Each structure stands twice: as structure tokens, then as C-alpha cells.
Amino acid sequence: MNRDWWIKFPIFLAIFFCLYAYGLIHNSLSTYAQLKEKEEARIVAENAQRADTFGDYLREERRFAAELARGPELGNFLANRALGMSLQYGLQSSLDAVAEAFLRAMSERKIGDEALYTGFVFRDASGATLVDTRLDRTLATPATGSDLTIDPERALATLVAPVAYRGVNEGLLMVSSDLAPLLRFLLPAPDTAPYRVILLTPEGHQVKTSAMSPDLTAPLLKKISQMADGRIEIAPESEGRPAIIRHTVPGTRLILASLLPETSLSDSQRDQGFLLIAGLFPPLVLLATLLFERMRRRNAKNELALRASRLRLMAISDNLFEGIALIDEQGRIAFVNRPALRIMGISGEPKDLVGSPIEALLQLPKQNAPWHAAIARGETVIDGDAVLTSPNGQEIAAAYGCTPLMDAEQGTSAIISFRDISALKRAQFETLQSARLVSIGQLAAGIAHEINTPAQYIGDNLAYIEDSLKLLCAIIESVPDKAVLLAGLENPPSLKKLDFMLKELPPALRDSRDGVAQIARIVSSMKEFSHPGSSEHGDTDINRAIENTLAVSRNAWKNLAEVERDFDPTLPMVCCHGGEINQVLLNLILNAAQAIESSGKPLPGRINISTRQSNDAVEIRITDSGNGIPAAIRDRIFDPFFTTKSVGKGSGQGLAICRNVVVVKHGGTIEAGGIEGEGACFTVRLPIEASLPVEE
Amino acid sequence: MKAVKLFWAALLLLNTVTITSSRADDLDDVLAKGELRHLGIAYANFVTGAGDGLDVEIIQGFARQLGVKYTLVRTDFYSVVRDLLGKDVLRKGDDIELSGDFPIRGDLIASGFTMLPWRSKIVLFSEPTFPSQVWLVAPASSPLGPTAGSGVLARDIEETKGKIGSRSLLVMERTCLDPANYALKGRGIDLHAYTRSSNLNEMVPALLNGDAELTLLDVPDAILDLRKWAGKIKVLGPVSDEQELAVAFRHSGARLRDAFNSYLQAIKADGRYDALIDKYYPGIRNTLPNFFIKHPSH
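Keeping their order, the protein sequence lines are chains A and B.
The opening position of the first sequence corresponds to residue 7 in the numbering used here, with each subsequent residue numbered one higher.
The opening position of the second sequence corresponds to residue 239 in the numbering used here, with each subsequent residue numbered one higher.
In short, the hints are calculated from the structure, not lab data.
Predicted model, so just to flag it, every value in this text is computed and none were measured.
Cβ coordinates follow ideal geometry from the N, Cα and C atoms, glycine included.
Do not take every clue at face value.
The calculated lysine-lysine pairs, modelled on DSSO-like cross-linking and capped at a C-alpha distance of 30 Å, are [to be verified]: (1) Lys-476(A) x Lys-509(A); (2) Lys-399(B) x Lys-116(A); (3) Lys-116(A) x Lys-517(B); (4) Lys-214(A) x Lys-116(A); (5) Lys-271(B) x Lys-330(B); (6) Lys-470(B) x Lys-307(B).
Residues from chain B that face chain A, not an exhaustive set, calculated with beta carbons under 10 Å [stated by the list, open to error]: (7) Pro-384; (8) Ile-461; (9) Arg-465; (10) Lys-470; (11) Lys-472; (12) Arg-523; (13) Thr-525.
Just chain A, same shape as in the assembly (with noise of 0.2 Å):
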């Protein structure tokens, strides 16, 4: 199978049922003729029995005015006449019998809630009216040589029966109908409103019978009357070609026909329309395949464009480092990208917060968010420095906009974008921090050049004054009556308080000369501490700079631990920031001091603290023999500002300036150990070689 078949196909699928359609229109027409033919049949019948039941109805009614002239009322009146019963004297009350019967039969016969009859009217031989019950005196003349007289205007039907006594006639019965109902209830025309069901006389006048059988025109109704039973006609286009049946009213000459509207009969024109539309339906079907499969593909190919470009759009919002959010009027979010969540601390997926008030993702804590007003105002809401509070209480500090968004089928709405600061704050307060260092080692520095002047000539004039005194000492003890040399002083020490003074003046000297010479190494660690070389990184000795950092802070934990030093001398010079590091050594030293004191332990307790080599790194750890840290805590306490000492002793900067600096200024790494109770260990690794700082 090529490619090409394949996309041929469907016009293949398509000229197949092309076929298979006009296969099934062959075989449906086929059908239809069969079913016209029936249906003509059962339309001839249906009009033939129509005439049947009303043949039958008048022969009933033949049957009933022969019975009624035979019947025992006509027949007591005519016997007692027949006795020479007078009027006045009994007659009347059998002709009065006979009226009764009459009136009855009016009454009670009725077709539905009509009544039949209009009136009954006897006449005896000579011809007078003797009885008459007509309602309205309206009574169509009988034929001559027929029972049956149709008033075709007022759709009157009058039967004449004879009436006789003992073989002779006596008079005529006549029965007078209303033909009206009797057509509405015998011969229901069907549901469909153009059927109509005509009568007609034998001389062909239309038997008005009202509104269910409107006039027909005089042509069409000469057409009916000479047309034969059981045949369907076609009338003429002037008279709105209706379909015609008629039949012949059995025992009478009446013609009954029904019309029916010429489409309930298929004929040339309408199967010429129906095998035009059927004939064009395949063909357009396949037209129809056609154009819906290239809109199909054309749709596809959208579609697949619109699906990347929904899915770039995504990617790109999931992977800015702003988290952005789409709520609606009634702040409820619509849509909000994945940094949204990760920056507010929620897991899940994005799709779980749509449709929830936006504070299920953020909220300003201490003010009225602006997303309202923004969205109610169209005005553009922009802070940079904002703290945020995700649903689980975390403060996370902030920049952020809110920018309403206008679309005229959504509504009005507000794009709400916000970044994490977090670390741009901690830079910010490191480089405070950073700058406040720096200014107090220039203080420093300068303070302790001053004093290292002063300090220098003090040590060279002890050192001279030491000297001379060691002379003017061996001068004196030369002496031997040492009372002659203080005799001529006015007010002469006794010679006790001057051998104390010979003893003791230098050793005092020599401990000013020691003091002095303290004083010089604190001034010079401190102008290396201040000044560890310059800004840039550079080669450090580690052991001097612990060492360093030791004497400055030396009055931190001089009453309270003592010092233990294990250092490398081979330790390799180590590139790196020698200021910054001098400030990471002085935060873990001074950090170990608090701990032994805080830890309730007898003091003067151990600082330990070590260097070695390790691979390309310098490692140097920090022992105390403080109660450790609770492991608890031991994953937060590199964590900016988070503490556990009270309130004026530390800020919870310490530690997380140690990592900084470590971790993302040199590359190293910083780790906290120890056994809990028995104290902390810091374990600081630098690389020896300069390392790129790392981005965090």
C-alpha cells in the first residue's frame, strides 16, 4: 500500500457509496411503485366501502320507514278509522299514538348527539297531511318512482314508504333526514385536511353538507359524474389537480367521491423530482467528503499548530522565574503557572487551585489586596518590595504587579505576576553587613595604627629603660655601704624598700616589654583581619588566619574555653577571599564559645579546632564541647535569620553567612555534625584552587 491510496481513499469510500446509493435508490423506487399501487388500491377501497356503509345506512333506513309504516301506532289509527272511529271520538287519540311514535323515533335516533331526523309527515291517499312533525316544514319533494329524494342545498334526504291497511293503500310514510351529520359520522373523511368526501346527486349537484365539503366548481363536478367507479383521475390543473374516486351509492343512484391533494398519489413530476434529488444526492455527498476532509486536515494541522503553541506558551510560563496568575472578577484564579506554586510552597498541580479564590495561593498580609481594585479601576498595582503569605502561613518576600486584563467576552480580569526576592534581600543585607564590616576593619586598622606607634617606641623605650637599668643595677649593688647613697637624699627610702626595688623593677619591666609586645601582635592581627590583603581573592594561609581570628576574639572565650590547636603546617595556601573567610572562622569560633557557655557544662570548657588537607581542599574543623545540635534542627540552621539563641544574642545571620560565603562565594562546603550532647562539629572544606562562584 502506497501513501498515495491511502490518501485517495476516501474519494474511493466516497464514489463506492455513490453507487451504493443509487443502487438503493433503483431498489427503493422499485418498492415505491409497489407501495403506489397499494396505496391507490387501498384509497379505491377505502372510498368504495365509504359508499357501502352509506348504501347500507339507507337501506336501514328503507327498512326502519317500512317498519315504522307497518308498525302498530299507523296500524291501530287505520283500524280504528277502518271501525268508523270519528276524531272527535276516539281517532285522534290513535293519530295521537301515531305522532307520539314519530317524535319518539326523532328523539332517540339520533348519530352521535344530532339528531337524524328532521320530521315524519302522513298523508292518507286523498293526500292530507294527517301527522307532520317537521321541524322546520321542510321536506323535499319526492320523486316520482322513487323512495329516495335528495335536497342537495339544505342536504335534506326524504324516504317515502307506503303505508297500507288490509292490502289497500292508505297513504305515505315520509321520513325526512338531515344529511349532514349523517356524512360526518358515517363517512369520516381521514385526519389529513385536504380529504374531502363529496356527495353527489344522479343529475351531479354537490349535496352541501358544510364545511366538509366546500363547492366544488361546476366542471369538476360534470367530471366526477361522468367519470367510472373504482378509477382514480387526476382533476385539471384549474381546479388543483386532486386526486378523484368515486363510486356508486349501492341501491341508490347517489355518487359518492372522495378528494384527496394529488401528492398522496406519486406521480411522473413527482417522481421525476424525487429521482432529481435523489440523483444529485450522492454526488454531493461526495462533494460534501470532499470538502470535509480538507477541512478536516486544515483543522488538524491548526490544531496541531494551536497544541505546540498552547504547549510552548506553557513551558515558557512553567519556566519563568516569576509566578504568574490569572483571577477573574470574583477573584477566583482562572489560571496560574507552576513557579507560582513553587515559589508560594504548594505541591500539586496547577490545574488543582483553578477555580479557588486566589487567596488559596497567595495573600497580602497587613493590607487590602489590590486585585479588586485593579480589576474594578483598570489601574496597574505595582510593589516591589512586598511580603507574600502562601496558604501554609510562609512569608516570602516579594515584588509584584497586578495588571487588569480586558476581554470582552471573559469579563474583566487581572494578570498577577510576583518573583521571589528572598535572596536579592539577603544579598542586599549581606552587602549592608558586608560594608558595616568593612568600615569597622578600616576603624580598626586606623585605631590600631595609632596604637602601634605609640606601642613600638613605648617597647624600644622599655627595652632601653631595661637595659639602663640592669646597668644602674649592677651600679648600686656594687655599692658596698648602700646607706652612703642615700644619704644625701632628702627623703631616703630605707634600704629594705630599695633591695625590693632592685628585685622587683625588672621583672616589671619585663612584663610592660611582654604587655607591649601583646599589644603589638593583637594591633597586627587585627590589621591582617581588617586587611587580609585586598577585595579579590587571594593566596591565604589558613592555620595564620585561625590563628588570627583566635587573638582577636580571644576575649570571647578566654574564661570560658580553652583552645586546642591541630594545625596542618603543611597545609598549602588556599585562594580565596582571606576577609571573608577570616569572618566565617570568627562566626563558627565565637558560635562555639556560646555553646559551651549556654551548655550549663562545667567551664573553662575545649574549643578544638583543626586543619588538614583533603584531596584539593583545605579542610578545617571546629569541635565544641557544647550539648550539640538537636537533629532537629540540624537541616534549618543554615536558614537566614533562624536562631536559637534568646532574643539580643544573635540575629540568625551567623550561620547563613558562613554558607554563603562558603558554599557560594568559594565553591566549598559546610557541614554541620557532632553528637548531640556532646557537642557541635563545623566542618569547613575549601578548594585550594579558586572556584567560580556559584549561583544560587
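Keeping the supplied structure of chain A fixed, place chain B upon it in accordance with the hints.
For chain B alone, kept in the frame of chain A given last:
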């Protein structure tokens, strides 16, 4: 019903005050006992064997008007006057003699009761309620021919009576078919009083049974029998003037009679009377039209 009773009680009180000398009327008794007893004879369509009929329905309506219970007391033509008056009636020519004491069983007679002169001496009649006449009837096989009708009733009556000659004639004394009422006694007629029962409906069967050659029959009964025995009997002609039927009361029931007359006028005015006539005697207006001209309903 209670309001009607109160009305009649008030009327009674008024009469007591204004006519202090008058004694109690049957109306007072009827209202007091709360019951109107109707003396009825099974006869034609006035009182049928089934308990309905023209007079039954009229008197039932009258009882409702009075607000009392209606009771049909069946009797016969021989006893009906005695049951009303409590006295037996003995006719001596035109004289009437009342004798004996019998229970009074009813308050009025309404059963196609003809207003005859001798009856007017012993009872009070209401306004006429129905027409009647007495005809001479023969079997169809009788050689006598009917009177053709001259247009003059007296002449027709004489012609009809003349047909009787000395033939046997079936009559029922003390009823409307009493030959004394029509001067048929003393003319050489062979009078056969029917005594097997007091039911007038049995006259035609007795005639056809050969009890007599001829019989008297009143019109209300005759028009029914002409239908029932059509071709077997024939009416030869009238033996009486046109008569009127009415409701009979005791002389002590004048106000009861007046109350009935008021009621009769009321049902004639509102059409109930005509409806009852058409129900029980639909052809009577054609047979005896003069009555309905003389006593129109509206």
C-alpha cells in the same frame, strides 16, 4: 321545610285571631300531624299500580308545599268517599244520605275523581285538574257504527244513547260510570253493573269477555284502552257532556282546599302542571281541547 311549617302555623294563628268563630280546619290537622294522607284508587294514569301517576305527583308536590309528609292511602271507588268522610253514602235519586261511622283514612281524594253534582253535596272540590267525558264503547265486531260527530255535542250524545236500545251495557255504580249520572236508567237498557272489582281498568276486558254488548268508559281510560286494545274495541260516541276532574276535600277542609288551589295555580304558572300532563296523558290536549282552553295554564 321548617320555614314552610312556620308559615302555615303563622297563617293558622292569624285565622284564629281574625275568625274567632270558626272551628279548626283540616289544614290545621294536616299541619299539626305533619302528614297529608292521599286517598287514591288505582285508575288509568292518575294512580298507577306502581304507585306513581298524575294525581300522585300533584299531591306529592302539594305535601312538599305544606312541608308535611306525603302518604298514599289506597282505596277503591266504593269506599273512597267513606274513607274521606267517615260516613257511608247512600244515594236516593238526587238526595244523599250519610250513615254510619267509619274511620277517616285520608285528607283528600285525588284519583281522576269526576266533579259530579251529587258529589258536590258532600265534598268540596278544588279547581278542575283534568278533563273527562264518558264514551260508549263497543267491541270492534259490534254491528253498531260510531257516531260521526255532528259538531253539536248534545245531538251526538242523543245519537249515541239511541244506539244502545235494549242492548246490555256494562256500568259501575257509585263511580263516574254510574248510569244514573247520565240518565241511562229507565230507558230499557239492559244495565250490567260490574261488581267483580271496583277497578275501572277492568271494564274493557270484561266487555271483550262478553259480559255485555256495550260499556261505558271515561276518556282518560278510553284513550289508554284504545292503544291497548287497538282494533278490538271502538268508540261509538259520547254519553255525557265534557266533565272535569278535581281533588275532593271534606267540608271541614275549606282552607286546605284553598291552599291546594293556590298550589295548583302555582304549578300551572311555572310549567310543572303541563309537564305532568304531557308525561301521563300526552294526547289529551287533542282529544279534549276545550278544557285546556277554558282552564289555561298560563
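Should the interface hint for Arg-465(B) be scored as holding, given a Cβ-Cβ cut-off of 10 Å against chain A? With Cβ-Cβ at 5 Å, under 10 Å, it holds.
Holds or violated: is the Cβ of Lys-470(B) closer than 10 Å to a Cβ in chain A? holds (9 Å)
Taking only the CA atoms, is the gap from Lys-399(B) to Lys-116(A) under or equal to 30 Å? violated (49 Å)
Regarding the pair Lys-116(A) and Lys-517(B), is the alpha-carbon distance no greater than 30 Å? holds (22 Å)
Are the Cα positions of Lys-470(B) and Lys-307(B) separated by 30 Å at most? Between Lys-470(B) and Lys-307(B) the Cα gap is close to 43 Å, so the pair fails against 30 Å, i.e. violated.
Regarding the pair Lys-476(A) and Lys-509(A), is the alpha-carbon distance no greater than 30 Å? holds (11 Å)
Quick one, are Lys-214(A) and Lys-116(A) close enough, alpha carbons at most 30 Å? holds (20 Å)
Going by Cβ atoms only, is Pro-384(B) closer than 10 Å to chain A? holds (5 Å)
Compare the distance between the alpha carbons of Lys-271(B) and Lys-330(B) with 30 Å, and conclude whether the hinted pair is satisfied. violated (36 Å)
Restraint: Thr-525(B) near chain A, CB-CB cut 10 Å. Satisfied or not? holds (5 Å)
Residue hint Ile-461(B), partner chain A, criterion CB-CB below 10 Å: Hint holds; Ile-461(B) Cβ to chain A Cβ min 4 Å, cut 10 Å.
Per-residue hint verdict: Arg-523(B), partner chain A, C-beta under 10 Å: Because about 9 Å separates Arg-523(B) from the closest Cβ in chain A, which is inside the 10 Å limit, the hint holds.
In terms of the numbered hints stated before, the structure departs from hints 2, 5, 6, listed from lowest to highest.
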